[in-house]
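Since the structure of chain F is provided, determine the placement of chain B on it from the hints.
There are 2 protein chains.
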Amino acid sequence: MTTSTFLQPSETALLPFVSVENMMRLVNTTGAAVFMGELAQYIEDDFKRWPEFDKTPRVASHSRDGVIELMPTADAENYGFKYVNGHPKNQREGYQTVTAFGVLSSVANGYPILLTEMTVLTALRTAATSALVGKYLAPKNAEVMAMIGNGAQCEFQAVAFREMCGINRLRLFDIDPAATRKAARNLAAQGFEIVTCASGEEATEGAQVITTCTADKQNATVLTDNMVGAGVHINAIGGDCPGKTELHRDILMRSKIFVEYPEQTRIEGEIQQLTADHPVTELWQVMTGAAAGRQDDRQITLFDSVGFAIEDFSALRFVYSNVRNGAFCEKLDMLADPDDPRDLFGMLERAKSAPPAGIENMAV
Amino acid sequence: MTTSTFLQPSETALLPFVSVENMMRLVNTTGAAVFMGELAQYIEDDFKRWPEFDKTPRVASHSRDGVIELMPTADAENYGFKYVNGHPKNQREGYQTVTAFGVLSSVANGYPILLTEMTVLTALRTAATSALVGKYLAPKNAEVMAMIGNGAQCEFQAVAFREMCGINRLRLFDIDPAATRKAARNLAAQGFEIVTCASGEEATEGAQVITTCTADKQNATVLTDNMVGAGVHINAIGGDCPGKTELHRDILMRSKIFVEYPEQTRIEGEIQQLTADHPVTELWQVMTGAAAGRQDDRQITLFDSVGFAIEDFSALRFVYSNVRNGAFCEKLDMLADPDDPRDLFGMLERAKSAPPAGIENMAV
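These protein sequence lines are chains F and B, in that order.
With the first sequence counted from 1, adding 133 to any position gets you the working numbering.
With the second sequence counted from 1, adding 133 to any position gets you the working numbering.
Isolated chain F, as found in the complex (with noise of 0.2 angstroms):
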């Protein structure tokens, strides 16, 4: 952008903007894995913290293709939300799922102080999430990860357990063969020891930790209760609204249930299939100590994931800690700033001896 010199927009005025080319520069400067693991530091502390936030289920417009979902938290120095939809039927026609952008904002005056893509920055969050939730739930050297659906989110999930829970070798299943084709050959080439299957109950022989991350939208049973043995750790992303789950009922009544927020994870989660007071153990006190996390070595953990404001939040502050020097983002001009507050008709008014348009085009 280049704006004329008498209408320069003030610091004030100027928003730090993360697009998805800087993203992904800031990404791999440091190496996805390492990333997801700082990106893991933010969201722990954040969640040890639980208390101090002002929380409310996500905000979702229902439509027949789709969901457009806002997700809003904020604690005493910063208010942060996410936009993100997820609409299965887009990879067929050539768009993403789930696209993503949020904006991390000064609680204090009110001003946004940060705008980036998170459609990335979603994948990378919702993989940290589980590899930090797999270090506190997963048997002690597990080695070995199921991975049924092997979408976008799956090579961020494989990624994220090696550098946080040290999972080496994958099983892979998707019921689309080139999905499994894509991310076996980007993970070998991460170095992951690999084996593609022919069927979710291959998949899931002699796994330690079990991943499910599919896409349709149904009370679909990706995993039956004679796959899931004693002492493994589940890690459900898929079933992450009303109507949505992935897990048969049966398994649940196996489980210790861990969740977010259990207010929403009633609602989208696995837990939907269970009377809405069946226990659940909330991860942020498992986190501080507050809860028990896996008791033994037989028992199921599972992990009934549906993505909460508080990790964009943390995800928003880890971006921000990396583009305050100016890095990684370009300043967009967004927020009116008239000398006098008061008088922004004034400099509406003294914007029409403005040059004519096309200096901004130009640089476009």
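Because the hints were derived from the structure by calculation, they are not lab data.
Everything numeric in this text was worked out from a predicted model, so none of it was measured.
Warning: the hint list may mix true and false statements.
Note: identical chains are not told apart, hence a pair may lie in one copy or across any two.
Claimed, not checked - Cross-link-like lysine to any residue pairs, in silico, SDA-like; alpha carbons within 25 angstroms at most:
id: 1; residue 1: K464; residue 2: Y244
id: 2; residue 1: K273; residue 2: R314
id: 3; residue 1: K268; residue 2: P184
id: 4; residue 1: K485; residue 2: Q323
id: 5; residue 1: K464; residue 2: I246
id: 6; residue 1: K485; residue 2: G170
id: 7; residue 1: K464; residue 2: A275
id: 8; residue 1: K389; residue 2: K464
id: 9; residue 1: K464; residue 2: N161
id: 10; residue 1: K188; residue 2: P375
id: 11; residue 1: K268; residue 2: Q351
id: 12; residue 1: K268; residue 2: A209
id: 13; residue 1: K350; residue 2: Y244
id: 14; residue 1: K273; residue 2: N301
id: 15; residue 1: K464; residue 2: A484
id: 16; residue 1: K268; residue 2: Q174
id: 17; residue 1: K222; residue 2: N211
id: 18; residue 1: K464; residue 2: L147
id: 19; residue 1: K485; residue 2: T162
id: 20; residue 1: K188; residue 2: C374
id: 21; residue 1: K188; residue 2: E396
id: 22; residue 1: K222; residue 2: A241
Chain B only, in chain F's frame:
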């Protein structure tokens, strides 16, 4: 923004963005009065199809110094939301009391199609809505408007009321004389006949329309009962959140009250002073003819304005119609768009072969 050739995002991934500078240029190209008149037509069209919208009270995050709100709504084709803050103390520290931005999206695939500044646009849509309502409710041949509160919204209200209701004489009062001087200077330059007043009482003398638009967050009585004569239309703008009202309760008891969305106005508007079953008339029903507006020359009509998401939706639609051909906007690389939508990880990996940072930075 310059992006390197082999990372050039596709058209799908580029989001039109209207900066503050481009918004001012767009408004000044047609003139603020005509812009608000055209915008009011969009608002009226949307109010007339009110039942088609997915409506919800805004999602507010309150803090000691202010509030940050998200205001979403959708019809079958588009989803829109606005981010807006309200921090009364900002003005004293050189910041805007209200800043805002908004996004319009496609319901079909969830992709954003417009990002725009809305600080200037909100000022325009608020005034356009008031004048549109004035067109329905103000006494015939009204010429004189009292304006109590001469802050950032004042001039926009005056210009919109002249455009749509024929108001050309203004009586201004603000507890801060500097605010009145600012408004008088700006509005004299627009050709209004102006009387600056020493009190609210003086301002209301002979006025057929009374606009209240003050910023302090308290239960104030900017208007007391004796100041409101028969037949007046009150355009009450400033009482718009819990604990912030401008009118004495007795005035409400004598007025026929019109609101945007009762579910929100009962929480935020002047009528938070009344019982939850106090009768109000929904403006969309006045516009469709389903409900009566002003019923006689002596009736006091009151627009208890709080600002509703559909007005922002209309404003987003209107701006989008003006930038579809590429004018008045830049294109932001905000939406990740891998060749294979399931291969987000592969896109990230391939970005490693991008040229070093710095090319973009030079163009910022």
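Outcome of the hint check:
In this assembly of identical chains, K464 and Y244 lie within 25 angstroms of each other by CA distance both inside one copy and across copies; the values are 14 angstroms within and 23 angstroms between. Within a single copy, K273 and R314 get their C-alpha atoms no closer than 30 angstroms, and across copies no closer than 73 angstroms, so neither meets the 25 angstroms cut-off. When the C-alpha separation of K268 and P184 is checked against a cutoff of 25 angstroms, the pair qualifies only within one copy, where the shortest distance is 22 angstroms, while the shortest distance between copies is 49 angstroms. Proximity of K485 to Q323 under the C-alpha cut-off of 25 angstroms is restricted to the inter-copy arrangement: shortest distance 14 angstroms between copies versus 56 angstroms within a copy.
In the homo-oligomer, the alpha carbons of K464 and I246 lie at most 25 angstroms apart both inside one protomer (10 angstroms) and across protomers (20 angstroms), since each shortest distance falls under that limit. In this assembly of identical chains, the alpha carbons of K485 and G170 lie at most 25 angstroms apart only when taken from different copies (19 angstroms versus 50 angstroms within one copy). For a Cα distance limit of 25 angstroms, the shortest separation of K464 from A275 qualifies neither inside one copy, at 45 angstroms, nor across copies, at 46 angstroms. Neither within a single protomer nor between protomers do K389 and K464 lie at most 25 angstroms apart by alpha-carbon distance, with minima of 47 angstroms and 48 angstroms respectively.
Taking the shortest Cα distances, K464 and N161 sit within 25 angstroms of each other both inside one copy (21 angstroms) and across copies (24 angstroms). Within a single copy, K188 and P375 get their C-alpha atoms as close as 20 angstroms, and across copies as close as 19 angstroms, so both meet the 25 angstroms cut-off. Proximity of K268 and Q351 under a CA criterion of 25 angstroms is satisfied in neither setting, with 30 angstroms inside one chain copy and 50 angstroms between copies. For the identical chains of this complex, K268 and A209 are neighbours neither inside a copy (29 angstroms) nor across copies (43 angstroms), given an alpha-carbon limit of 25 angstroms.
Taking the shortest Cα distances, K350 and Y244 sit within 25 angstroms of each other only across copies (19 angstroms), while inside one copy they are farther apart (37 angstroms). Proximity of K273 and N301 under a CA criterion of 25 angstroms is satisfied intra-copy only: 14 angstroms inside one chain copy versus 78 angstroms between copies. Proximity of K464 and A484 under a CA criterion of 25 angstroms is satisfied in both settings, with 20 angstroms inside one chain copy and 22 angstroms between copies. In the homo-oligomer, the alpha carbons of K268 and Q174 lie at most 25 angstroms apart inside one protomer (12 angstroms), although the nearest pairing across protomers, at 57 angstroms, exceeds that limit.
For the identical chains of this complex, K222 and N211 are inter-copy neighbours only, at 18 angstroms across copies versus 35 angstroms inside a copy, given an alpha-carbon limit of 25 angstroms. Both within a single protomer and between protomers do K464 and L147 lie at most 25 angstroms apart by alpha-carbon distance, with minima of 5 angstroms and 17 angstroms respectively. When the C-alpha separation of K485 and T162 is checked against a cutoff of 25 angstroms, the pair qualifies only between copies, where the shortest distance is 9 angstroms, while the shortest distance within a copy is 43 angstroms. For the identical chains of this complex, K188 and C374 are neighbours both inside a copy (18 angstroms) and across copies (20 angstroms), given an alpha-carbon limit of 25 angstroms.
With identical chains, the CA atoms of K188 and E396 are at most 25 angstroms apart both within one copy (10 angstroms) and between copies (22 angstroms). Taking the closest pair of Cα atoms, K222 and A241 come within 25 angstroms of each other only across two copies (10 angstroms); inside a single copy the shortest separation is 41 angstroms, beyond that limit.
Violated hints, in rising order: 2, 7, 8, 11 and 12; the structure is consistent with all others.
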